[in-house]
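Input sequences plus hints: build the corresponding full structure.
Line by line, the protein sequences are chains A and B. Going by my numbering, the first residue of the first sequence is number 1, and it counts up by one from there. Going by my numbering, the first residue of the second sequence is number 1001, and it counts up by one from there.
FYI, nobody ran anything at the bench for these hints, they're computed from the structure. The C-beta atom is built at its ideal place from N, Cα and C for all residues, glycine as well. You may find that some hints are simply not true.
[Said to hold, decoys possible] Selected chain A positions facing chain B (in silico; Cβ < 8 Å):
(1) A30
(2) A31
(3) S34
(4) L35
(5) L37
(6) G41
(7) L42
(8) A44
(9) V49
(10) D80
(11) Q81
(12) R84
(13) R87
(14) G99
(15) K100
[What the hints assert, rightly or not] A short list of chain A residues far from chain B (calculated; beta carbon distances all over 12 Å):
(16) I19
(17) L21
(18) V23
(19) F24
(20) E25
(21) L115
(22) I118
(23) K139
(24) R154
(25) P165
(26) R168
(27) F169
(28) M177
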Amino acid sequence: MNLRSLGWYPAAGVGVLAILLFVFEAELDAATASLALAGMGLLAALHAVYEMGKTLATAEHDAVFQYLGGASAPMTELRDQRRRLLRAIKELDFDHELGKLSGSDHDEIVTRYRLRAIDLGRQIDGGETLHPELVAELKRGAKEANVVAETPGRACAECGAANDPDARFCKACGKEMGS
Amino acid sequence: MSLSTLGTLVLFILFVVNVATLGLSLVGSRRQDVRMIQGSIRGIDAVAGLSVFASTLIVYAFLAGDYSIRYVAETSDATMPVFYKITSFWGSLEGSLLFWLLLQAVFASIAVRANKRRHADLIPHVVTILAGISLFFVTLILFQSNPFAPHLLETPVSGRGLNPLLQNPYMAIHPPCLYLGYVSLSVPYAFGMAALITGHVDSAWQRAVRRWTLFSWLFLAAGLTLGGLWAYEELGWGGYWAWDPVENAGLLPWFTSTAFLHSIMIQERRGMMRGWNMSLVIISFWLTIVGTFLTRSGVVQSVHAFGANPVLAWTFGGLIVVILVFSFGLLIWRLPLLRSRGELESVFSREFGFLLNNWILLSCSLFVLGGTVYPSISEYVGDRVVLGAPFFEHYMVPLGLALLALTGLGPLLAWRKTTPENLAQQFFGPLAAGAVGLMVPWFLGLRSAWGLACFGLCAFTCWTIVQEFYRGIRVARHGGRYGIVDAAIRLVLRARRRYGGYVVHLGIVLMFLGWGGNSYKVEKKANLRPGDTVELGDYMIRHAGLRATEDWQKEMITADVEVLRLGEADGEPLTTLHPARWWYFKLPEQPTTEVDRYMAVGEDVYVSIQTVDLGTGWTQMSLYVNPLVNWIWVGTMVLLVGGAICIGTRKRVEE
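Set out below in structure tokens:
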């Protein structure tokens, strides 16, 4: 029983009603209308029971469903975590724009989250964690980036939208940004 | 074959199919047999189809007037309008159980259908849980409270009629709304249990249930308000909420699902509070069953309990214990998987605000639950102690105001961390607005401390919402590149849940405004003869005469009551109200009170009549001025709109 086939029941109801009205010459009152409705209900029930029996009687089944999967669970967990972190960074940016979060707090937390997100990305891709030297390097870079982040992003020459300082293309209009 | 036999037969087939579905899903998920699992998914559809058929049958029996069916004879009669004949379906115990089953089965079918591809690993267990729940109701209906049961001896010519109190348009939508809210909470519960069973307790199951919880939360809110509106217009005591056990029963899961809708945001963002969220889902569903138990077992005394029924009391009592043991057993078993993977950055963060909000909401829920069952427990132990509205209000007013304060505070706090300078900058506007909100009623002569606090907090919270929108729009305008309306739409679309949530908060503030109005309501009882006048607050009430009429169903005595402004006794009346008393022929010992009210933006003039002496014209009237009461209904509408924004439409992007 799929959603499209459900559309047949109202039609069947109207059909039953028509038969009641014209063949048995019933008066159109609430009881007759509800009898037609009950007829619809009967058809729906019979159809559903038939579908159930048919499914149980057929041997072949839709291979799309992976009811019994589950090996991918740790991976989804990691992906979820990374998605959460990226979203959190977006939200921190928004809170910062709204003036709820000071610049230094914002940068400190965002840096921490970025590092964690990169780390997670590595785990998802290769199952390895970051090289300690790279972590140190990234942290140094982040400290320098802090200084850059204090200066507002560059405005696009075409449309004026604010972009990240290192953007090559404008995120609003897509024009290439001059260096 | 009589309708009664056919109906019972359908219920029996329903029972068999339901047992088969449950068995297939249990064995199928254990043996990992795709054929059986798909069969059980079809089985859920079949259960839905069969309950639709059973329900249409009983509606037909009502409309056709088949009084050989006991339930039809007891809850309807031939003179009732068609509309109330249909609503009689859920007017009493047996029918309401069948109605419950109908909604449950249809919801189960929709939920399984919507998620069978996206959350395929959870589905077999979801089917098991949902089939288990519907099996409980089918068994109960078939073996204990069969709405199709015939009269054993002779068939009456006409029925006894629906309880006159229930013959009210609000009663037609109030129970379905509440039931929808109740029943749809079983879907989040089923997904939560499936997540625990499979051990996939990441956020996948929550994505599946967030919308459902929001949906049931909205319907619970609408149902509760409609119930309040019904009490206000039908019972004639001038109020809308009496902390009656059955009213409380609807409120309990609303509190916990509100808590869930907030704390799930922390889990989504931070991966914290997994165990807590799972517990809230379990408790919310458990409370819907407790609510049903309270309504149908006769354990509590209430205006709208369905009457004592020891068998039902024991079965529901058993179910309550089973759900509790089963769910929390699973939860404890999976506790190692649910451990938190995040930490609070600061006490001054929105997360902490949410945590506080959760604690308060849960304590509200537990407190109301305690207060509701306490009379029954005390009766069991010794003398029955009745806890009335003053008891509940004494504790719930501070709790409610604390929640209102958090509603205002929360949005001002940033996620993760807020600094003192930011706090000062954020709080200046709202605090100033709050002070104004406090002072204005004070100068107008209001002296109730709680009332003043309520108005002050309303102003405070309202200002924070406006401020949020203002700042958001300012950012979204990108320095004037978009117009205000354009920017507002972009903003709401960009963060639909955030801004939808603010709209919901605005609705809550309006409702609190209405509740705050209670602190200066005026009430008066008066015995008047036609021509007499009485002062009521800023109004003058004049009794302008009585009329006695009757129709096919009832005898009616209607009073004409003129409402005038005080000091303009000779002027044109503002309006003429027609409060009445109706005696239904079927139930003459239970007359109904038909209230009439004069609605203004600021207040209601509310009149109901109690006893009438037709010989002398003496009429006993209850007169009330209810300030701001209509803002409660307006607030609910705003809340529903906000909720609809939050639900929105599903994004078509597949992961």
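12 Å cut-off, C-beta based - A:M177 kept clear of every residue in chain B
17 Å, holds
Does A:Q81 pass the interface check with chain B, least Cβ-Cβ distance below 8 Å?
6 Å, holds
- Message: The output says A:P165 does not contact chain B. Does that hold with a beta carbon cutoff of 12 Å?
- Response: Label holds. Min Cβ-Cβ 18 Å, cutoff 12 Å.
Against chain B, with CB atoms and a cut of 8 Å, does the hint on A:L42 hold up?
Given a least distance of 5 Å, the restraint on A:L42 holds.
Taking 8 Å as the limit, does the beta-carbon of A:V49 come near enough to a beta-carbon in chain B? At 5 Å from the nearest chain B Cβ, A:V49 passes the 8 Å test, so the hint holds.
- Against chain B, does A:L115 hold up as non-interface, every C-beta pair farther apart than 12 Å? 15 Å, holds
Can the hint on A:A44 be confirmed by a CB-to-CB distance to chain B that is less than 8 Å? Because about 4 Å separates A:A44 from the closest Cβ in chain B, which is inside the 8 Å limit, the hint holds.
>> Hint A:S34 vs chain B: min CB-CB distance below 8 Å?
In response: 4 Å, holds
Non-interface label on A:R154, tested against every C-beta of chain B at 12 Å
14 Å, holds
Notebook entry, point to check: Any CB of chain B closer than 8 Å to the CB of A:A31?
Noted result: This hint holds: A:A31 lies near chain B, its Cβ roughly 4 Å from the closest one there, short of 8 Å.
_Given as non-interface: A:R168, which should sit over 12 Å from chain B by C-beta_ = 21 Å, holds
Would you assess whether A:F169, listed as outside the interface, keeps its beta-carbon beyond 12 Å of every beta-carbon in chain B? 18 Å, holds
Hint violations for this structure: none, all hints satisfied.
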